[in-house]
Amino acid sequence: MNHALSAPRYWRDRREWSRWLGRKGTVVASTLIHVAPPELAYGAPYPYVLVDFGSEKRSFLGTGHTSFLVGEIVECVWRRMGTPDATGIIPYGIKVQRLSPEEPVAPVESVDTLESEDESHRRSTR
Amino acid sequence: MNLWIAGASITDFGELWNRSLFDLLEEASLGAVAQAQIPAEDIEAVFVANMGAGAFEGQLHLGAVVSSFFSHFPPAMRVEGACASGGLALLAAEQAILSGQYKTVLVVGAEKMTDISAEQATAVLSGAACQHSECGSTFPGLYALLAQQHMQQYGTTREHLSAVSAKNHRHALNNPHAQYQKEITVQAVSESAMIAEPLRLLDCSPLSDGAAAVVLSSERVANDNPRITGFGQGNDSLSLAKRSSLTSFVATQRAAQQAYSLSGKQVQDFPVMEVHDCFTIAELLALEDLGVFAPGEAGSATLARETTYGGKVVVNPSGGLKACGHPVGATGVKQVAYLAQLLREGQYERALAHNVGGSGATAVVHILEAGEES
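Chains A and B supply the protein sequences, listed in that same order. First residue of the first sequence? That's -3 in the working numbering, and the numbers climb one at a time after it. First residue of the second sequence? That's 24 in the working numbering, and the numbers climb one at a time after it.
Worth flagging that the hints you see were computed from the coordinates, not collected in a lab. Here the structure is a predicted model, which is why all the values come from computation and not from measurement. Do not rely on the hints blindly, as some may be mistaken.
What the hints assert, rightly or not - Facing chain A, from chain B, some residues (calculated, C-beta under 10 Å):
#1 T137
#2 S140
#3 Q143
#4 A245
All residues carry an ideal CB built from backbone N, CA and C; glycine is no exception.
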């Protein structure tokens, strides 16, 4: 995790974040991590969730709830990931949160093109 | 196949505040050479297994460290494959012997993990996972996902997991080098602190310091030398999300099939095994992937005492990673060194060792047989 706290890696990871933001998938497995690395200890226990997005699976930290049930629909959102280190960079990244019941549950196709900062920001804050 | 285990040595495993990484490497290395009863100058090359001395101790270049224990400075290299580093170093050494490059080599594995905090060590170990796609995971967290899947698909229970840990602690009572020589109950495991649900503290192998070494030779040095008659390595996706199964390790299945084929033996030929129980669920996965039990049946078999003395097969007589301890770089070498000692003592004729890296991306299987009387 400490390696995430560097400006070059943030710059490289932008494309990956844009690809995931807003995608919806189904929980395959989840756990609640009680003993965490130092930079994530402030949020422990935190959920860690394996999600099936249809064309691929990927695991993310969960947010909003401590338990994620197999079969639940979740959405990728933009959230703070940990505490800043000596560089002062506040780590942000992708987490998943439960989709509210009134929202559509159909999977969203992958967005492979790099989105603008404004678009990423809009999706993350809705 | 002429691969003889001429000597073996295992240090104490545990929180060894009075011993450095250098101390552990030296004790195991020279101990194995001494047991082989060969001149130290006969060691033609050294293979060092280690996962994270750079992060744990700030020490890299371990090949040169171990070479310096010898006045003739044999060529040495470090092999890293997370918790499978030991098994991989053995494979590298075996290939070097079988190629004809060397006749006698030393394989030593070590890790010094307790000089930093448990939280820092957890962060170092998480480097065995995919840092690109498994950000925020921990080693127990990934195995917790596997445990949840196994429970959901096969009905594996909390009691099944706890029975693995209680059994391995009971076995460790016979191992003077074990980190924990203390019996624990199934209930105590089930009530221990939560680490990553459903895995609890006593489902998890500990942070450990320790080292183990073997001397391998293309020639039989003494009548009681065991032989390595089979080996195999399998790999799978580093990321759990890209695996075809979350209730088995394809890497273990591949490694086992290679080893069985090379040795001409089948799983039922082995009365004793050391398998990679970094977490209780890992032992159940190992026993099913090696073919000892059908998928989903290892838990109930463990509870029915089929994996201890008097059962179908004795699994982890050393106490396994759970109770003997898990200095990650040492573990794969320790498994083979421990089984070699049991064969040398005449307790068994054949044995199997199973070593896993990370959450199943790498697996190594070794088959050992007692040397025939000459």
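Structure-based check of each hint:
1. Among the interface hints, the one on T137 of chain B is violated; its C-beta lies about 16 Å from the nearest C-beta in chain A, farther than the 10 Å criterion.
2. The closest approach between the C-beta of S140 of chain B and any C-beta of chain A is roughly 8 Å, which is under the 10 Å cut-off, so the hint is satisfied.
3. This hint holds: Q143 of chain B has a C-beta 7 Å from the nearest C-beta of chain A, less than the 10 Å allowed.
4. A least Cβ separation of about 46 Å between A245 of chain B and chain A goes past the 10 Å threshold, and the interface hint is therefore violated.
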